[in-house]
Structure formats: C-alpha cells, structure tokens
Amino acid sequence: MIQSALSGDMPRSRILSFVLATILVVLAFAPFLFSGSQPINTAAKICIFIVLVASYDLLLGYTGIVSFAHTMFFGIGGYGVGLALYGWGPTWASAGIGLAIALVVGAVLAFVIGLLSLRVRAIFYAMITLAVASAFAILASQLSEYTGGEDGRSFRVPQLLRPGTVLFDIPAIGVRVDGRVLSYYLVFFSALMLVLAAFRIVNSPFGRVLQAIRENDFRAESLGYNVVYYRTVANCLAAGMAVLAGAMSAIWVRYTGPDTTLSFAIMLDILLMVVIGGMGTLYGAVIGATLFILAQNYLQKLMAVASEATAALPLIPHLLHPDRWLLWLGVLFVLSVYFFPSGIVGKLREMERR
Amino acid sequence: MSQALLTLEGVHTHIGQYHILQGVDLVVPRGELTVLLGRNGAGKTTTLRTIMGLWPPSKGTITFDGQPIGGQATPDIARLGIGYVPESMGVFADLTVAENMRLAARLGPPDATRLDWIFGLFPALKRFWQLPAGLLSGGQKQMLSIARAIVEPKSLILIDEPTKGIAPAIIEGMITAFKELKRDKTTILLVEQNFRFAASLGDSVAVMDDGRIVHRGTMQALASDSALQSRLLGLSLAAHQ
Chain U
1 MIQSALSGDM PRSRILSFVL ATILVVLAFA PFLFSGSQPI NTAAKICIFI
51 VLVASYDLLL GYTGIVSFAH TMFFGIGGYG VGLALYGWGP TWASAGIGLA
101 IALVVGAVLA FVIGLLSLRV RAIFYAMITL AVASAFAILA SQLSEYTGGE
151 DGRSFRVPQL LRPGTVLFDI PAIGVRVDGR VLSYYLVFFS ALMLVLAAFR
201 IVNSPFGRVL QAIRENDFRA ESLGYNVVYY RTVANCLAAG MAVLAGAMSA
251 IWVRYTGPDT TLSFAIMLDI LLMVVIGGMG TLYGAVIGAT LFILAQNYLQ
301 KLMAVASEAT AALPLIPHLL HPDRWLLWLG VLFVLSVYFF PSGIVGKLRE
351 MERR
Chain L
1001 MSQALLTLEG VHTHIGQYHI LQGVDLVVPR GELTVLLGRN GAGKTTTLRT
1051 IMGLWPPSKG TITFDGQPIG GQATPDIARL GIGYVPESMG VFADLTVAEN
1101 MRLAARLGPP DATRLDWIFG LFPALKRFWQ LPAGLLSGGQ KQMLSIARAI
1151 VEPKSLILID EPTKGIAPAI IEGMITAFKE LKRDKTTILL VEQNFRFAAS
1201 LGDSVAVMDD GRIVHRGTMQ ALASDSALQS RLLGLSLAAH Q
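These protein sequences, in sequence, are chains U and L.
Counting from 1, one number per residue, gives the positions in the first sequence under the working numbering.
Counting from 1001, one number per residue, gives the positions in the second sequence under the working numbering.
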C-alpha cells in the first residue's frame, strides 16, 4: 500500500525511511504532542513549505528549469484566498472562489510565461521570471486599495476554523480540539495529498519525459517530445501547487502580505531547501523544508543554551550568542552543500548503495 | 538504385557565424544502408543534425518520403518515423534502461517480440534492464542508444559514428543488428569513420569534404578501388586489413 501511495518511488535508504517516518508521525500528531503556539506554528509552516519546495523541485529538480517566480505563485494563492475572505466575508464559498480564481490566474500566468520564455536559454528564462516576480510584488504593494499595500490584509477564516470554535475536549491527554487544530489538519492533509500527487506526477510517463528533458533536451526532442510543451505543462503544474501552498498559508496565518508571500527572501529559502534536501527527489523537499524551518525557529534557542553552558570559556560564548544565529545558519548551509553536493537524500542513498 | 526516401538539395547550414554545410546534395535510397564518409570536420554530424531539425538549414530543401521537412521542428520530424542515434549516445543517465526504452517507444509500451529481438542483439540490455543507464559502460550505452532507435519500426534511422571508442566484440553485435535491419528493409544513413565497418554494411556511399558531397556511388565500387579510397579518404581498405 505504501509503495502504491508513493507511486513505487521508495526512499531507498533505511536512515532516510526512518527520518521520513519520524517527520510524518510528528507532523501528524503535532497538536497532541506539543503545547504552546510555536511548535504547532512551526509544524504548519513545515507542511506548507514541503508543498512549496516540492512544487519547485518539480521545476528545478525534475525539469531543469530555474525560475525565480515561484513566490509569485505562492503569493497569488495567499492573496486569492486572503482577499476573497477579506472582501466577501469569512465563508467557505469565499475561500473556494478565491482559490479557484487564484488557480486560474496562476495557471494562465505560468502558461504565458512558459510559452513566451521557455524557448530561450535557461539564464534568460531565470531573468525573465525574476523581472515578472519583481513587477508582481511591486504591483501588490502599489495597489494598496485592494491588497492593503505593504501592510497586507488580516482577515477572518470560516467559523469552523477559528480558535474560538471548540469541537470537543480530550481530558485524558489535556487536549482541546478547536478550530485551530482543525485548521492544522486541513493544512496537514492538504500537504499530504499534494505531495502524494507530486509523487504520482514525477513517476508517471509524463514525469519520465520531464527527467529526460532535464538531462538532454535535444535528445528528448529527437525522440519526438515537444520540449516547450512539456516544460510549459510542468510550469503550470508547479505554479498550481505553489498557489495551493499559498492558500494553505493564508488559511493558517489568517494574513496575507508581501513579506510573507512575495518576498525574494522566501525564494532564496526555497532554493536552499531544495539544494540541501536534494534536487530531483521529492523526499529532498520534505527533508530540506523540515531542517530549514526547524533551524530558522530553534537555532537561536539552541545557541542561547550553548552560550550559557560555555559561559566559563573565553570567546566561545560570544561566538554562540543567539544574536549570531544567522551567521551559524549560513555556516551550516555552506557546510551541508559542501559535504552533500547531491543533497542529504542523495548522500543517504549513496551510503545505502555502499 | 531504389527510389529515394530522403533527399537533400543544396542544403546550407550556418552555426553562428560559421558556414558549415555549403550546398549538400545527398540521396538516401529507400531500404538501403547509405554510408556518409569524410574526414573530421567535413560536416557529417551537422548533416544528420540538420536533417533532424536540431540545426535548421539556412538554404536548400530536405525532402523525406516526398514531404519537405527542412525547417520543421525536431519532434515533428522525429514523429514522421525518423530515429536518430547521436555520436554522444544521449542516454538519459538517471533513468533506468527500461525507462529509456519506454521513452523511445512513442506508439505505446514496447512490443515483447521486438524487445526479445533487441535482447538477442544486445544481451547486456536485458541483464541491466532495471539499472540506471548512467552506470552502463560506453559500449552498453551505445547499445542502448541504438536499441532506443529500433524499439519501434522506423522508416529511416540516422546513426552517427556508432563504433567510436567501442570494443570490437560490441562492434560485431552492431554489425549483426544492422544486417538484420537491412534484411527488414529499414533505411539507414550511417556516419562512420571506421571504413572496414562501413564497407561491410553499406550499399551506397557518399563522401563529404568541406561541407559538400564530393563523391556518390556504390560502396562496392569504392571498397574495390584503392586509388579512389586514397584520393577521397586518404586511406585504403587494404591498409586496414
């Protein structure tokens, strides 16, 4: 059954299987395993970014397309659902219509960008996507009357998903199942379904053509495959997934704005997550997103503990001071890319082969 | 000579500022194996790539089965039934041998009888069926590259220097494969430097120099004329034996 769910694309490493199973179990039971808002926020963010990174891997890892417009599609999803809930009221119908509009806008934009620019060399395509994404981010900020400008928009979600809605209590484990927990599971199961759908895509004959194009586009053309068509479809599928990730983010955060969805910093984060996890393996998206977000959220705390523990030593407490967390995050990423050029998943699979 | 399946008339190809093909006139008869010979840099590979549409011709006409194909997109040309085995082999290294073969089978899953025939020609492919193609040896990659081109019946197969850097034992397998394809009346245009290999298979021959065809005739006539070989190619078959 697992093999069928993963479309026959098994982890092919015992350590990787164990880590993935642990991530799945922790994410599945996060609301019951942790107390406080930070752990569940972190878990939800991991779910959202797994989808976003997996969708980017469909482009970069499986098709060899370097795009800088991925956050634009993430933003379209966030703004689509967010502005619909803000403007038309906090109902499921508003969210549904907002999502549908966002999916259509995202797919049309991806189609147009793909059709017009996937014929050019990779570097030019990357530049075009960068320009389009920058223009979209400026547009979202300038159209403040509709989008809330730099401040973005806070909005209410449907009644069932609000924190005040209590469904039932489980006194034995001291857990209250409220709208927030329900929101989390909406995000979690959406992420699970989308990742399994991505597995289905990359392991289908269509996915194999994408991989062939990534490796040798001239050869794929010589076999009769229209490279522009396949790249454009991959672009639209990845954009659609990114739109859905944006919608999940909007539902979870109950806010949408340029900094949380459209910023170039998010694009760089996605790139790092794909590279660290391992390009061309959806498992890499899971590992990369989980590690990166955990580091982003907990490295500072870990360093505070380490700094205190080494207080008696010279220099080291200063180096481990929590304010220097970004420096250490950078060092960790440089080291991981240096030691795991094929990503963590690639390295673990290589170790298993030996 | 049989009716022409592929005809090139006055074909010119520019790559950037370089004028590579300078008026190629070539006829590939239906059901025959035509060998394209010539020294390095004569324009043989460019001719094949121009036929496939990978480098569009800047002038001249290319006609396949009565239909002009010059300037058409590569996938459209491939879908007319033209298989191409490039010099670089072009196997998809991350995909398994099986996946490489399935990608080449455009009409549906590969036919079992045809696969058995291919496994008979290249037994290594059956042995490494589920192995990533990147792990195959150079000779095995060449087998896979040829196998992909013949996994479905094709009207025309373009093959670019299949013996380059390949072990003699594997070359023998290729000779058998090409002979069987010839028996099936598959039309083949073969670019080759190994004259002995080319002479053992070719029905007709064209010799290129400086982006033009400088000689056309039967392979039998060229193989039996040492003086002509020396003049056109700077070698003779006798010297290779």
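If you are wondering where the hints come from, they were derived from the structure by calculation, not from laboratory data.
Treat the hints with care, since some could be wrong.
[What the hints assert, rightly or not] Pair by pair, the computed Cβ-Cβ distance ranges are:
1) L:LEU1107 x U:ILE170: 33 to 43 Å
2) L:GLY1031 x U:ILE123: 43 to 53 Å
3) U:ARG12 x L:ALA1105: 22 to 32 Å
4) U:LEU143 x L:ALA1105: 22 to 32 Å
5) L:LEU1107 x U:ALA197: 26 to 36 Å
6) U:VAL120 x L:TRP1129: 31 to 41 Å
7) L:HIS1014 x U:VAL334: 43 to 53 Å
8) L:ASP1111 x U:PHE111: 45 to 55 Å
Values in this document were obtained by computation on a predicted structure and should not be read as measured data.
For each residue, glycine too, the CB sits at the ideal point set by N, CA and C.
Okay, the hints, checked on the actual structure:
no., hint, result
1, L:LEU1107 x U:ILE170: 33 to 43 Å, "violated (58 Å)"
2, L:GLY1031 x U:ILE123: 43 to 53 Å, "holds (46 Å)"
3, U:ARG12 x L:ALA1105: 22 to 32 Å, "holds (26 Å)"
4, U:LEU143 x L:ALA1105: 22 to 32 Å, "violated (51 Å)"
5, L:LEU1107 x U:ALA197: 26 to 36 Å, "holds (28 Å)"
6, U:VAL120 x L:TRP1129: 31 to 41 Å, "holds (38 Å)"
7, L:HIS1014 x U:VAL334: 43 to 53 Å, "holds (45 Å)"
8, L:ASP1111 x U:PHE111: 45 to 55 Å, "violated (36 Å)"
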